[in-house]
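Dock chain to chain to rebuild the complex, using the hints, since each chain is given by itself in its own frame.
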Amino acid sequence: MMADQIQFFFEVLIGGLLSGVMYSLVALGFVLIYKTSGVLNFAQGSMVLFAALTFVQLREKGLPFAVAFLITLILMAVLGITVERTVMRPLLNRSPIVLFLATLGLSYIIEAGAQLIWGTQVHALDLGISDTPIQVGPVSISQFDISAALISGTLVAALVFFFQRTRTGLTFRAVADDPFAALAVGLRLSRIWALVWITAGLIALVAGLLWGARLGVQFSLSLIVLKAFPVLVLGGFDSILGTIVGGLIIGATEKLAEVFVGPLFGGGIETWFAYVVALVFLLIRPTGLFGQKVVERV
Amino acid sequence: MPPPDTTSGSPNGHLSARAPAALALDHISLAFGGVRALTDVSLEVRTGEIRSIIGPNGAGKSSLLNVISGVYQPQSGAVYIDGVPYPRIDPARLAAIGIARTFQNLALFDGLSVLDNIAIARSPRGGGDLLSQFLALPEARRAARKAREEADDLVQFFGLETYRHRRVGSLPYGARKRVELARALIARPRLLLLDEPMAGMNHQDKHDMTQFIRSARDRFSTTVILIEHDLSVVMNLSDRIAVLDFGNKIADGTPTDVRTNDAVIAAYLGVDHDHPQGVTQS
Numbered sequence: 011m012m013a014d015q016i017q018f019f020f021e022v023l024i025g026g027l028l029s030g031v032m033y034s035l036v037a038l039g040f041v042l043i044y045k046t047s048g049v050l051n052f053a054q055g056s057m058v059l060f061a062a063l064t065f066v067q068l069r070e071k072g073l074p075f076a077v078a079f080l081i082t083l084i085l086m087a088v089l090g091i092t093v094e095r096t097v098m099r100p101l102l103n104r105s106p107i108v109l110f111l112a113t114l115g116l117s118y119i120i121e122a123g124a125q126l127i128w129g130t131q132v133h134a135l136d137l138g139i140s141d142t143p144i145q146v147g148p149v150s151i152s153q154f155d156i157s158a159a160l161i162s163g164t165l166v167a168a169l170v171f172f173f174q175r176t177r178t179g180l181t182f183r184a185v186a187d188d189p190f191a192a193l194a195v196g197l198r199l200s201r202i203w204a205l206v207w208i209t210a211g212l213i214a215l216v217a218g219l220l221w222g223a224r225l226g227v228q229f230s231l232s233l234i235v236l237k238a239f240p241v242l243v244l245g246g247f248d249s250i251l252g253t254i255v256g257g258l259i260i261g262a263t264e265k266l267a268e269v270f271v272g273p274l275f276g277g278g279i280e281t282w283f284a285y286v287v288a289l290v291f292l293l294i295r296p297t298g299l300f301g302q303k304v305v306e307r308v
Numbered sequence: 002m003p004p005p006d007t008t009s010g011s012p013n014g015h016l017s018a019r020a021p022a023a024l025a026l027d028h029i030s031l032a033f034g035g036v037r038a039l040t041d042v043s044l045e046v047r048t049g050e051i052r053s054i055i056g057p058n059g060a061g062k063s064s065l066l067n068v069i070s071g072v073y074q075p076q077s078g079a080v081y082i083d084g085v086p087y088p089r090i091d092p093a094r095l096a097a098i099g100i101a102r103t104f105q106n107l108a109l110f111d112g113l114s115v116l117d118n119i120a121i122a123r124s125p126r127g128g129g130d131l132l133s134q135f136l137a138l139p140e141a142r143r144a145a146r147k148a149r150e151e152a153d154d155l156v157q158f159f160g161l162e163t164y165r166h167r168r169v170g171s172l173p174y175g176a177r178k179r180v181e182l183a184r185a186l187i188a189r190p191r192l193l194l195l196d197e198p199m200a201g202m203n204h205q206d207k208h209d210m211t212q213f214i215r216s217a218r219d220r221f222s223t224t225v226i227l228i229e230h231d232l233s234v235v236m237n238l239s240d241r242i243a244v245l246d247f248g249n250k251i252a253d254g255t256p257t258d259v260r261t262n263d264a265v266i267a268a269y270l271g272v273d274h275d276h277p278q279g280v281t282q283s
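First to last, the protein sequences are chains G and H.
Here the working numbering runs 10 ahead of the position in the first sequence, where the first position is 1.
Here the working numbering runs 1 ahead of the position in the second sequence, where the first position is 1.
Treat the hints with caution; some may be incorrect.
[What the hints assert, rightly or not] Partial pick of chain G residues on the chain H-facing surface, computed with a CB cut under 8 Å: (1) T142; (2) L180; (3) R183; (4) A184; (5) D188; (6) F190; (7) A191; (8) L193; (9) V195; (10) R198; (11) R201; (12) E280.
[Said to hold, decoys possible] Here are a few chain G residues that sit away from chain H, every Cβ distance over 12 Å (derived from the structure): (13) F18; (14) F20; (15) I91; (16) L102; (17) Y118; (18) E121; (19) Q145; (20) T176; (21) G226.
These aren't lab readings, by the way, just hints derived from the structure by calculation.
Note that the structure is a prediction, hence the values are computed from the model and not measured.
Here a beta-carbon is modelled for each residue, glycine too, at the ideal position from N, C-alpha and C.
The following block holds chain H by itself, in its conformation from the complex (with noise of 0.2 Å):
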């Protein structure tokens, strides 16, 4: 995969118009029993940009964000990753699609250190069999140091330099946020998708994490995609907005087409649903 023009920080500089998008859900249905989670929904993902999902509580973002990393099997609609359509992702060989993820909640190996944290999620490129790991022969050490070296060079990144080697279950929230999101980053995922990675951080920590996911982007030529809750962070920190509403996507654009749609405006302040003005309601 060549990689995107990452030079502007504009919202449509990183485009390569032919390209296939790096990711394409078309035409989503998803519905639990009864529920209709998604409906229909399609979206497209431009290489190298960051593109968020937003939208009330109930909205689907997490659905959707469970479609996309495997966990759920969406009952119509295709995912297509650069333009391979995947019928079925399965949620333990995302890695392996280029695929990786942060949780809402953090699932992180509390008891071990930063380091060991994120070395662990690269994907082992040669590095030997069990037997030339256990005798410590040169290609495995070779490959034991590169993942080394590529944990530092992360762990500088995030500025978790001081904390290298204590244990995860030790550090401050929004320090562990950081971690997991350098354990992302370190299988070189061409999908980056981060679930609510402000939730629960007060606003210094934001501000970090907005700079952090803006320069990861940059730095490592990922494609970023995120729901989040913060309207201010999402408005400020994204290409393009997606903005679901009882499993239905009501607007699609950039931050300030966004900001200004009715639609949208509708569904987060509340409308009188008697009479529903531009939301479409299944």
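Here chain G stands alone, though its shape is the one from the complex (with noise of 0.2 Å):
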């Protein structure tokens, strides 16, 4: 009986684990562009719908997964550059909540567009990836959930990588440091911000694929971005290691609480229950696990 109960917590506990990597994800693109440009971009759940949109309409008309993949990416990249052209850059340098109402009317704008050309069906979005569960031990696991997990977190490593080891990726953190040391320096800002929003638009390309394959590619999924948040007040805005860590713990606690404390409610806690803990961490720890701390001298 109590073996039964600790591998039953194991699988829940994994199960949020793996679904929290996923959290990370979405919230990466968020802060990507937030570090890099200091704007929180609302519409990045639009993006997300908008590739899986595309990827999943491409697959239907019969192209095989390498080149719907890649014409999407492709898409995504002109989508970023054409955001930061016309509407980021106009608007450079006004303050953080007019760049983030422009960023929460081009979600819409982004949805609207979707809706458009590819129209409002739902439509499901096979990976290949079998989501029977497998054992590991005594504990059964989901397949899609480990594959899913895996790729985010090739996709998150990957990213760590081109941030603290190339040249680009210095020019990233020099800019997200300090715009005005970068311009001094003679680093392309405009250059630069492009590349940033090809990436966030990749990372919403993957993340548009597991959740698509995970819930159907349907208007819905660019609510994901609200999922993302609790992950970023917890690990921090301006973090990639906190987005990772507050992904895990986001998963995990969502998945424990519902499976162990939803009862005492009537269950249904899933939903909101990381708003909670998000909410919390405000009041203790405003800047987030890893968020970098403000020291203002007076």
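Written as structure tokens, this is what we have:
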């Protein structure tokens, strides 16, 4: 009986951690743009939707996986560059709230655009990963969850490598640290920002495929941004490492709370429990676990 | 560009008389609305020299530096670099032109390490595109290693070894000034512009910085233009000094010339402006 309990606990925990990695993936798109240009890009969710919809439509037209992926990626790049050129750059140096509202508007425009081009139907997306559980020791885990976590984890690792080890990554970090100093050493901010939006597009594409395969490609997909916010509050808005840890914590506590605390409330607490955690965090540690502390000299 | 003769520390030891000036300002005038910041200022900087621009507050020193670095566009006059006229200097392309500068209030990346701060200003000479960087292809790896070596070299040159991996924001002020100088030098500039390199420094820091500027000039064969308040530093460090007052150049010459110039003394000590002596005002 006791052993069963423990085994069940671990199954829930692992399932939670794995879905947490997918939260991290969405949050990562935010962090990337927030770090380098100080914009909280609300449109990240609609970019996820746009990517998933485009991909699924191309697949339904009979294109092979790789071709569909490539075309979608190119479209995401074009979208990213367009947004940077036509919306973000003219609004440069405006207050954060103006930029945030601009991205909010943008998210509806992208959604409507996707709807206009691809229609409003719900599409099933099959990535060819089976969803049958496999046994790892005494614990059974969803194969899809493992694959999704692996893919997300690889992307995150690649991004960390890129940020820490390449020259372009260094310029990203520099722009994030101080745009004025970046200008002073002759970094081309517009080129860097375009690259950032392209990278955010790539992340949106991967997130769109994984979440689309899990939930079906439909318009509620853009709402996964809302799942990213608690992760960001926990991990800090400007920390890649933070999004990973934040995602894991949110994923795990959400599932554990649903299973073990949920019955006390009559179930269904999974949808809002993450926000309770985030709220508590905001009260006790506003910069998140890994966010940069703001020290002001007075 | 042939490396200048840097064997001598004497004021006129770096001249190659026939080569075009490293920098020439030709009758520069700059005004903001009705305020004349610079009036008909001409200035020549020889290759390899340390050239100072001094003057009382509001004399136009910073304006002059900002004209050279393209921040301000003068209403009239021309800027020549190595004899080539630059009707318009794009501040974003300063490094490509061969000009590097430091800032009075520092423009460092406080959150990045000393090494990263220096390495970032190295102009990407080859090193491959994004993809080859990402895939860590040999060419990109070589370029990255080269950048690290060069940055490391400068870290040693400026005695910053103990700070190498520290965040710049956590360094003492004097060390940050040195990081900024190192960052300017990694781009191998023809012209190095220093905006008040001694500002906010104590006596020892100033002494060290004077040595660093001089040896940096010798080692990297660059031409140095600096504006500075501390007259004893300027007299000690400069090959030639130009003096500005109310936007006009009132004197130009070796430290000895300038020290004994009546107009300079008047500008610094003040004159009865109803009866100016030697001070030309507009």
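Checked hints:
no., hint, result
1, T142, "35 Å, violated"
2, L180, "6 Å, holds"
3, R183, "6 Å, holds"
4, A184, "5 Å, holds"
5, D188, "5 Å, holds"
6, F190, "6 Å, holds"
7, A191, "4 Å, holds"
8, L193, "7 Å, holds"
9, V195, "4 Å, holds"
10, R198, "7 Å, holds"
11, R201, "10 Å, violated"
12, E280, "37 Å, violated"
13, F18, "42 Å, holds"
14, F20, "37 Å, holds"
15, I91, "14 Å, holds"
16, L102, "14 Å, holds"
17, Y118, "32 Å, holds"
18, E121, "30 Å, holds"
19, Q145, "37 Å, holds"
20, T176, "4 Å, violated"
21, G226, "33 Å, holds"
Against the hints set out earlier in the document, violations occur for numbers 1, 11, 12, 20.
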